[in-house]
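Chemist: All chains, please: the whole structure from these sequences, using the hints.
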Amino acid sequence: MEILSIKDLTFSYPNKENFALQNVNLSINSGDFVVVCGQSGSGKTTLLRMLKKEIAPHGEKQGAVFYKGEDVEKLDDKISAQKIGFVFQKPDQQIVTDKVWHELAFGLESLGYDSDYIRLRVGEMANYFGITSLFRKKTTELSGGQKQLMNLASVMAMSPDVIILDEPTSQLDPITANDFITTLKKINDELGLTVIIIEHRLQEVFPIADKVAVMEDGKVICYDTPRNVCEKLSNHPMSQGFPSAVRIWQKSGGKGECPLTVKEGRNFINLNFSERKLPLRNTIPNTEDIITLKDVFFRYEKGGNDILSGTNLSIKKGEHFCILGGNGSGKTTTLKILAGLLKPYRGKVIIDNNKMTKKTTADFNRLGVAMLPQNPESVFLKSRVIDDYTELCKIKGIEKSAYEEKINSVAEKLGIKDLLENHPYDLSGGEIQKCALGKVLISEPKILLLDEPTKGVDAYSKLSLSKILQEIRSDGVTIITVTHDVEFASIVADRCGLFFDGEVLSSLVPQEFFSKNNFYTTASSRISRDKFANAVTVDDVVSLIKEEQNG
Amino acid sequence: MLVVILWRKTMESNKLKSFATIHPAVLMVYFLSEIVISMFSTNPIILGVGLVGGLLFFLMIQDIKVFLKDLTFYIPMFLLITIINPLFSHNGVTPLFFMNGNPVTMEAIIYGMDIALMLMAVIYWCKCYSLIMTTDKFLYLFGKAIPKLSLVLSMALRFIPLFKEKLHEIRNVQSSIGLYDRKGFVNKITSELKVFSALITWSLENSVETASSMKARGYGLKGRTHFSMYKFRSRDLMYLLAIVIFFGIVIVGMAMGVTDFSFYPEISNFNFGISQIIVYISFALLSFIPFVSEVWEVIVWKYSVSKI
Amino acid sequence: MAKKIIKLSFLIILVPLAVILGVVVFKDRSYAWVSLCVALFSLVPLFLTFERKDTNTTKLVILAVMIALSVAGRFLFSFIPHFKPVTAMVVITGIYMGYEYGFICGAFTALISNFIFGQGPWTPFQMFAWGLIGLLAGLLAKILQKNIIILLIFGALAGVLFSFLMDVWTTFWYDGTLNFSRFIANIVTAIPVTITYAVSNVVFLFVLIKPIGKKLERIKIKYGL
Ligand SMILES: Nc1ncnc2c1ncn2[C@@H]1O[C@H](COP(=O)(O)OP(=O)(O)OP(=O)(O)O)[C@@H](O)[C@H]1O
Ligand SMILES: Nc1ncnc2c1ncn2[C@@H]1O[C@H](COP(=O)(O)OP(=O)(O)OP(=O)(O)O)[C@@H](O)[C@H]1O
Ligand SMILES: [Mg+2]
Ligand SMILES: [Mg+2]
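Protein chains in written order, with the numbering used here: chain C, 6 to 556; chain W, 53 to 360; chain F, 2 to 226.
Bear in mind the hints are in silico, worked out from the structure with no lab data behind them. Source: prediction; values computed, not measured.
With a Cα cut of at most 20 Å, we get these calculated DMTMM-like pairs of lysine to aspartate or glutamate:
(1) F:223 x W:257
(2) C:460 x C:431
(3) F:216 x W:261
(4) F:215 x W:257
(5) C:399 x W:244
(6) F:60 x W:257
(7) C:58 x C:13
(8) W:196 x C:121
(9) W:196 x C:119
(10) C:422 x C:409
Modeler: Structure below.
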């Protein structure tokens, strides 16, 4: 049965010439699990917000959206609030109150339920989502993943028919993200809820989706079952984001039924190919160490736990090192120590043969250290991107006549020339990430620290980002990236380390690193490990397949 | 049944001191009556009893270290207020000596002590209030009368730690790309201003999203209810009755002039008639309620443990 | 309607009753009692009218943001005592959002500050004083917006007013009456603080008024408020 239908929807934002949505038609059945994907700025968020009148963006609109046959704009206020649930892109923005229990009860209060009923619902939700221990905590004390679960629970407490989620896993580590998606699937299966989710990481959601909608330039270019979408768009830039099994199958000219899950991919490899081994690719430059951490200990509060406990790390000049690890394990903390923002209470920090233990952030910066933070908005102070760029040029002592050239060359590299005049807060998630990187690059760092640079970035832009990073690296810049994105790390890194229990474990080349791990590893490695040794990226696997096919 | 089980399970995580678990409305009445009497009485016995009660309560809910450290600040303050008063007040009939041609009287010094006693009593009760009446209790009390404003308060309370963190982050990020080494006073102020301005942008832009999130969950619909975690139990009623009775006796006594005490021109004598004794004892009982309840709880607990 | 009448009569009867009763009970210290009652009860009608008005949800959130900003600003400039953007933020809220919002922003900033730094009998008085400044800024918004000089003078005066009100209250609290020599002494000892208040108000108003106006304007356009 059809629960939501979008008819000829066209929309544009005020003061913008181009349409954010153009002639969108979509029909969603009750109980479906629908994935919406597409490049940054293609209108995904805009489209899904139109499904709920309370949060529909402000602008010029034609066409209509129907919920159970009724125009959502004319829908009863109460039904609209209750039956269509929305989980926002940034967990902090959704949270209204200061206590977890109040946050869970917030929607039910609006609907006018009495205390006993609210008590039952809230208690049930806290149990179902396993957050009972957080119940009386302050909302600011939760970790990113906990916030996201709480937000989902607070929407679910209202017993909606449809639940819409905007990139809910973008800040979660791979294991937590998987748990989150599994929870969604459970809700979908057990309660028959219709789930609509925007995602860039399609690996986990494609296999469980009933339908996938692909957006491009404000249009839905494809709306079908995941398998059909993969077939129809095999040559489209979007295909970069398809699950690894699909991409391996497509790139190796596969025939028959396209594999979708890791399991199907593994069967495909196991049935068709014999054992092979890829020689280890060692791209670590043969230079001296530029960064060394020796037995570093750090904690935030005097009586608190050690976040870093005896961390050792040495990074070669010109290398790209990726740090992976769970939420809250201390990756950002490590980067901040490397940027001089936090001081260890024991141990040594050495950069470029200078002992940095007692130095200020400015001293670190003078040695060429620069950091792209986890939240790119904090990079901007002005109301236009370009103003921020010029201010930095000024402070860096670049001559006035050279400003423009400098800014242009960076903007060109990142492909953000059209965005320079914009207000930073008008940019979409992926766009602001690139502009923030631009500002960091203007300071011409020698050591670049990146915290989650691929968050909210679509697969295609991610590919171009990885190219940019490779280019910067080949200019001799040392890069340290903290990321949850194993696929990205497997492509760009010279070495990878896993952060666990206050230490960086096993600094290895990606092929070795991902081959050894069972969970913290790429889908390609999981698919191919029975037959192919050391193949961790899609390209690795494909190259071995090609080798076999060619003789 | 299900409600009860789920609820219990959810609540297990937190254990508080027995007095703090009383219904917020009763707590509010208690603190107000204690503070009002201490604040507007001049009778040294009343003030002394109030101060001792406040100190005891504070000691029960605070570390002894904090308590002692606090005293090292308040004892000098006590002395200071005492000796300063004669400078402003030359009333009284017993001059001790003359300063700049003005008499420094014994009455003025004693009155200074009385003021200091009052200040300390009120301050300690307010300290206990701040520790016990946490923001969620406060919000609960006013949530029904002023729902919109209490929501504003609740949001602001959530935003403050968030903003503090964000301020720190913005400052960090800017210095890690090479802006603002913040040397020199003026430089520091201007760079902090820029950080503040960036915070303002961030928070205003985000506030619209928060508002969307509220609307998305039905805020603004008619007939919003107010959920809270507190229930009024029979125990609370008992406390309330006790508080109201003791408070009533003291107030009536004060109105009838039973506890009147003056310092100028001459210090009055203490009377210990039957009515005075009733008022003093009532106030002592009122002031020691938290202490008694805590001790009682301990005894009951020990007793029930020993039976097991 | 009946409810409204009951509420009103509640106010009309109860407030004077509380004051009279207080005066009877706390003879010597009745000044302190009356001043506290005046501060507390002046908050009530403004709070209630705010409650009753149909307010836009976004405006409500922005109000919470302004309150939180002014409290957070205290921490940012903690390296200079008394040099804080609080009053400036309250005035700006009053000017751009209206006198009711200005009043609430001032009153709640005081309340929350005291949640953090400790509640005391001074809380209602501070709420009243800061609320009053926000309210005045809102009522004079037209004039203040037109001329920056007047605005800055208003800021300086607001600092003095705040200091003055708190001195009155302190004197009442100590002596129960307006002991003139103590009052003068309070004012004199507070002069450095008063000056810092005034200067910080002027500085922060000068720096913040335009940018915040622009930012609010931007949001208005972007989200069609
Ligand atoms: N409030 C706004 N005002 C003006 N333009 C906007 C606004 N929000 C989004 N846009 C523009 O509309 C287009 C679609 O934005 P939208 O946020 O829907 O993209 P998206 O597909 O969700 O992207 P992402 O994956 O990066 O989140 C983009 O070009 C964006 O710049
Ligand atoms: N300012 C702070 N004060 C106190 N504790 C903090 C602070 N910042 C982080 N922590 C704690 O330190 C631990 C490590 O935090 P960190 O931000 O380094 O994690 P992370 O590995 O970057 O996680 P994520 O992947 O979620 O970004 C967490 O448990 C966190 O709660
Ligand atoms: Mg989006
Ligand atoms: Mg992090």
